[in-house]
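J.: Read off the chains here:
There are 4 protein chains.
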Amino acid sequence: MSGNSFGKLFTVTSFGESHGAALGCIIDGCPPGIELSEADMQADLDRRKPGTSRYTTQRREADEVRILSGVFEGKTTGTPIGLVIENTDQRSKDYSKIKEQFRPAHADYTYMHKYGVRDYRGGGRSSARETAMRVAAGAVARKFLQQRLGIQIRGYLSELGPIRAEKLDWDQVHQNPFFCPDVDKVPEMEAYMDALRKEGDSIGARINVVADNVPPGLGEPVFDRLDADLAHALMSINAVKGVEIGAGFGAITQKGTEHRDEMTPEGFLSNQAGGVLGGISSGQPLLASIALKPTSSLRLPGRGIDVHGNPVEVITTGRHDPCVGIRATPIAEAMMAIVLMDHYLRHRAQNGDVVVSTPVIGQL
Amino acid sequence: MSGNSFGKLFTVTSFGESHGAALGCIIDGCPPGIELSEADMQADLDRRKPGTSRYTTQRREADEVRILSGVFEGKTTGTPIGLVIENTDQRSKDYSKIKEQFRPAHADYTYMHKYGVRDYRGGGRSSARETAMRVAAGAVARKFLQQRLGIQIRGYLSELGPIRAEKLDWDQVHQNPFFCPDVDKVPEMEAYMDALRKEGDSIGARINVVADNVPPGLGEPVFDRLDADLAHALMSINAVKGVEIGAGFGAITQKGTEHRDEMTPEGFLSNQAGGVLGGISSGQPLLASIALKPTSSLRLPGRGIDVHGNPVEVITTGRHDPCVGIRATPIAEAMMAIVLMDHYLRHRAQNGDVVVSTPVIGQL
Amino acid sequence: MSGNSFGKLFTVTSFGESHGAALGCIIDGCPPGIELSEADMQADLDRRKPGTSRYTTQRREADEVRILSGVFEGKTTGTPIGLVIENTDQRSKDYSKIKEQFRPAHADYTYMHKYGVRDYRGGGRSSARETAMRVAAGAVARKFLQQRLGIQIRGYLSELGPIRAEKLDWDQVHQNPFFCPDVDKVPEMEAYMDALRKEGDSIGARINVVADNVPPGLGEPVFDRLDADLAHALMSINAVKGVEIGAGFGAITQKGTEHRDEMTPEGFLSNQAGGVLGGISSGQPLLASIALKPTSSLRLPGRGIDVHGNPVEVITTGRHDPCVGIRATPIAEAMMAIVLMDHYLRHRAQNGDVVVSTPVIGQL
Amino acid sequence: MSGNSFGKLFTVTSFGESHGAALGCIIDGCPPGIELSEADMQADLDRRKPGTSRYTTQRREADEVRILSGVFEGKTTGTPIGLVIENTDQRSKDYSKIKEQFRPAHADYTYMHKYGVRDYRGGGRSSARETAMRVAAGAVARKFLQQRLGIQIRGYLSELGPIRAEKLDWDQVHQNPFFCPDVDKVPEMEAYMDALRKEGDSIGARINVVADNVPPGLGEPVFDRLDADLAHALMSINAVKGVEIGAGFGAITQKGTEHRDEMTPEGFLSNQAGGVLGGISSGQPLLASIALKPTSSLRLPGRGIDVHGNPVEVITTGRHDPCVGIRATPIAEAMMAIVLMDHYLRHRAQNGDVVVSTPVIGQL
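Chains as they are written, first to last, in my numbering: chain A, 1195 to 1558; chain B, 1195 to 1558; chain C, 1195 to 1558; chain D, 1195 to 1558.
These are calculated hints, taken from the structure and not from any lab test.
Take the hints with a grain of salt, since some may be wrong.
Intra- or inter-copy, both count: the list cannot distinguish identical chains.
[Said to hold, decoys possible] As a list, the in silico DSS-like pairs of lysine-lysine whose alpha-carbon atoms are at most 27 angstroms apart:
id : residue 1 : residue 2
1  : Lys1269   : Lys1392
2  : Lys1392   : Lys1449
3  : Lys1337   : Lys1392
4  : Lys1337   : Lys1291
5  : Lys1449   : Lys1243
6  : Lys1293   : Lys1361
7  : Lys1392   : Lys1243
8  : Lys1337   : Lys1449
Values in this document were obtained by computation on a predicted structure and should not be read as measured data.
Please model the complete structure; the sequences and the hints are all you need to start from.
T.: Here it is, written out as structure tokens:
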């Protein structure tokens, strides 16, 4: 209820601060009998991990996850899965300055108003470091969805500031440090980021996430539509400022004849809806896209105030990502996996595993 | 859990189908001692009501709400508030055709896959008729927020297909059938809609919603951020395909120095964040914007399939809104009100009504 | 969250005051495809209904339930089921006295402290009149459990004050006004109740509830054990002061060799556990027993205080049950049905409808 | 949703198996600004700890709790509190026998039916070892309740098999290994337990728990009454078979004039209700009593079956408590603390910290 849980039936509850002892989470509701080991999570964690290229923060964290419960003889038992990642790179540092001031566009100011106290070391709970647990938990969901339902969830960076990917070549996504599916744009992105780093500034980005082979019928109208829960999940990722499903904001200028996805016995003729009709999956690929803001932690000075209300000039010298969007791809995939997993279980609760006689039409 | 409730502490649970006996909802968690009567809700319901201009559906519904419980001697008692609206204009009609076919881009197909049965009359539960209860419940939240905290929630249509409002004059919003804040664009919108109706097509729209005087401190990191819950709430409205907070998708091409809202003792110098930092309200106006798709219920024929998987040509001859975005403004306001109300109660639960010594800086 | 919902996946949310316009509830999560009509609920409502014998309150309520949504062409659709019962016998009465005073052992005093206001007419929300909706919702659960799983839920009055039923003859339970399974004790109970009514006093009772054919595997350790949720459900019924599962308080003086239910391939050799092991159903009959206190609404004067803190002598002259336990049997059955239904759906969510190879042993 | 969380606003989610790597929990919703260290929890943990006398299991566990998050500079921050206790005494042992058989009256059989797999080492998740985290979390609630509201929660063993405490001397409770408040009965209990251990059998017990200084107004009618949530909490403790509030099962034979607690300006004249009226605290002491069954893990042989359905003779040679009730006192106190804490936050959410003008009458 205080916001640290996600999912109603596949429930992830997380804890941990940027510079605390450890991060952790509990996954409750995972079906029993799934083969699971730390290695299943580590691959995704490594994709999110800081310090893997010169375009991300140089903080060094092994992000080694440890399973504390819920897995026995290599399989989930249906009991809660406790996960923990120890924080290792908590540089000792003088925090006396940051303790007294509110950095512009940071959560310092709002946490203080909310709680009256705050852990100011590295942003505390408001740090994106928390998303490591999302990735770990998402890996569990992803594995189940892949093995039992054949669902595949993949993401990529489609825009880095002014540079747009124009091709979608899935094989390229993990061949470059940007998760960019268009190999031709990679050199441009590299040059852009190098210039940006010299400048001391940061930039926004867009991430697209796609789930293929989603069965029709997932989603709970009217409030917990699949797309609404997905919007919730994706907007809860640090730095996200916008979420689109299918045509998204493009739908504003579309006419009905253009937007509506016609159906034939062979399949849908388009996917403007992004795989969701009336809040329920249609069997088409689930398409979501998110906007991530540029980080506000800059060495370029900005105006802030201190805890007494006095003006201060703020310079942030820590190790920060100049484009937080770059590392967001595995996080967005993880959140989509958690949402789909949760809705699969919710669907199964009410409707069972019944085979519906309605024809499932193909996917284009 | 089956999706018909919204809000954790100010909880709205609704029921009702388009052509069923009645719509209703239960509001649980409303604080006691609030003056409340049907009239408080009726004003908002009337703004959403169909048939008020030639640009909306001609279905006639009085949408008269009745309070069945939770109010005594004109005040809320803290017990659940039961509300009901009887459906009056359920035209008797031959549904044999629609019963057998899946209209393109409708929930017919997905409801059938999910449940194996469906109420096909007028879309049943998937009809936007359901949103009447959101508006009624939202009016209760809105009243509390206004009276106790001075929060004001207002929305407007900022784009109707290709036509954009370029001025924001709040006084104009209720002077035209489009909720358009730019009086100069109204004739253009009228002409556009008249042409569209002749054509038989429909169009998308954009709605903006703003809450002023939101106190800092509302929102529950990390998953139930104020903006994440707002995204959930707004994306759950029929036809919504995208949600933005503050700069939204514009943040993709912004640099950090441009996006970060600097603070001075007199106030924030900008509001790119849209009133939320780290998922918690900052005291700035809360800014959200949504994209609504064009309705798919058209008299222009479209390709669909029937329940046996055969191709059919679908023509929808019912009374439908050519731009569902037009009536969406009070619905979006209602959902923002419910989210803020819920987060106010959640905040109060954990943090009490404590006065934080941190200076609250002004709003620009 | 404010206490008016029960069940996580089969969720009943109710509203309504004793002397308000109507009572109602929303059932969310009911599986689709179940045949359902008002008649299915009316039979159970009639068993709970006041005024059916001289041993219960003489308030006259038809308790006619109306289905407002969620059922189409005689079957549930999976969408929320809205139910309403209009209050008809709200005798106009002078409430000025009760308005100012707190009756001993009533909720008047605590509601006032909690909410600062209260609907004092007939107890308002604290009246047992609210339980009518539990019975209606329970009837839906009961029907599903019976039809799909063969589960049968039955209750009876086992003690009325000092008089204990010594035989359990299910055929007798509905042949007398006490739900007593021992026909030989009925005359004694009649005489006792007649004397009590003359006296102006009231008496406590014990109700037993049994579910047969519960499949093994229902219940969610560690906090939402089947028995813990059942204790919650039963203790939430007005006037209940104690709950036992299986041996109950008798287990205090039992030795392990006496309490543990041994198993053979043919079945369990006893049922001290009451059908639950480790919080999960074992396949044995589920056995619960509850204690109901005597009503405190008496015409015999009692000491109370008024809203100003002054002492008052309280005499309650309304129409009250001298033994509220008598009408509690269908309510307790309904709550057990809701708990089992909820746990069946919860089980199915996590575990599916898998057939476990473990041998299910017989029931003795 | 899978049963490993308790509390709606003060939420404890736990994980861990008897012989797994560690136990842990996350407390979400704890108010900020509370002084908290491991020492606050350790005192209660030590009271529950095994091996402190010859009357409990000889398993040796330090039960040292470690705070991983949510506390900064000695105070809670309002963010989730992660706790972990490493398991240290997991004797290596041959589990091949227990792996194949279902012990009578254990959760082996039901876990297997529910999940299809189970961690058979020491009972896995069904072991009472899990309650260590309840005690740790309860200590946090207890500290808040004590400091902010002056609430004091204490428990004691009132019956050990046939031996009843006849005096309530709080000073004695922690002076003997049984938590017995009647010093005169301690030698009798010692002799009884010594005989029992020789015999190889086990015995049931009764625990009483009392909360003093509970303010009036806590509890959420109608389903989440304070007593109903308490029944849920207490019945969820391993081995509990019955719960009573106030007069409990004694109310069956009480008359209304005897049961109803009369009120005078100086206070209530009795406390048959056990501190709850209409599901809401009255300001009187909150009184609960629970029955605990004898453990079924005995070295005396019992009949069970194996996983193939064949009959087996089961002898349990592990280190087990001959009376699990003895160590249950701190667990029951912890659960009462969590329930009260949760209801305090729930009350504050809806009703704020308002001072009600209604006179609060004294406690007798």
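J.: Indicate, hint by hint, whether the structure satisfies it.
T.: So, going through the hints one by one against the coordinates:
For the homomeric pair Lys1269 and Lys1392, neither the shortest alpha-carbon distance inside one copy (49 angstroms) nor that between copies (40 angstroms) is at most 27 angstroms. In this assembly of identical chains, the alpha carbons of Lys1392 and Lys1449 lie at most 27 angstroms apart only when taken from different copies (14 angstroms versus 45 angstroms within one copy). In the homo-oligomer, the alpha carbons of Lys1337 and Lys1392 never lie at most 27 angstroms apart, since the shortest distance is 40 angstroms inside one protomer and 51 angstroms across protomers. In this assembly of identical chains, the alpha carbons of Lys1337 and Lys1291 never lie at most 27 angstroms apart, being 44 angstroms within a copy and 33 angstroms across copies at closest.
For the identical chains of this complex, Lys1449 and Lys1243 are inter-copy neighbours only, at 23 angstroms across copies versus 43 angstroms inside a copy, given an alpha-carbon limit of 27 angstroms. Taking CA atoms no more than 27 angstroms apart as the test, Lys1293 paired with Lys1361 passes in neither setting, with 46 angstroms inside one copy and 42 angstroms between copies. In this assembly of identical chains, the alpha carbons of Lys1392 and Lys1243 lie at most 27 angstroms apart only when taken from the same copy (23 angstroms versus 56 angstroms across copies). Within a single copy, Lys1337 and Lys1449 get their C-alpha atoms no closer than 39 angstroms, and across copies no closer than 37 angstroms, so neither meets the 27 angstroms cut-off.
Checked against the numbered hints listed earlier, the structure breaks hints 1, 3, 4, 6 and 8; every other hint is satisfied.
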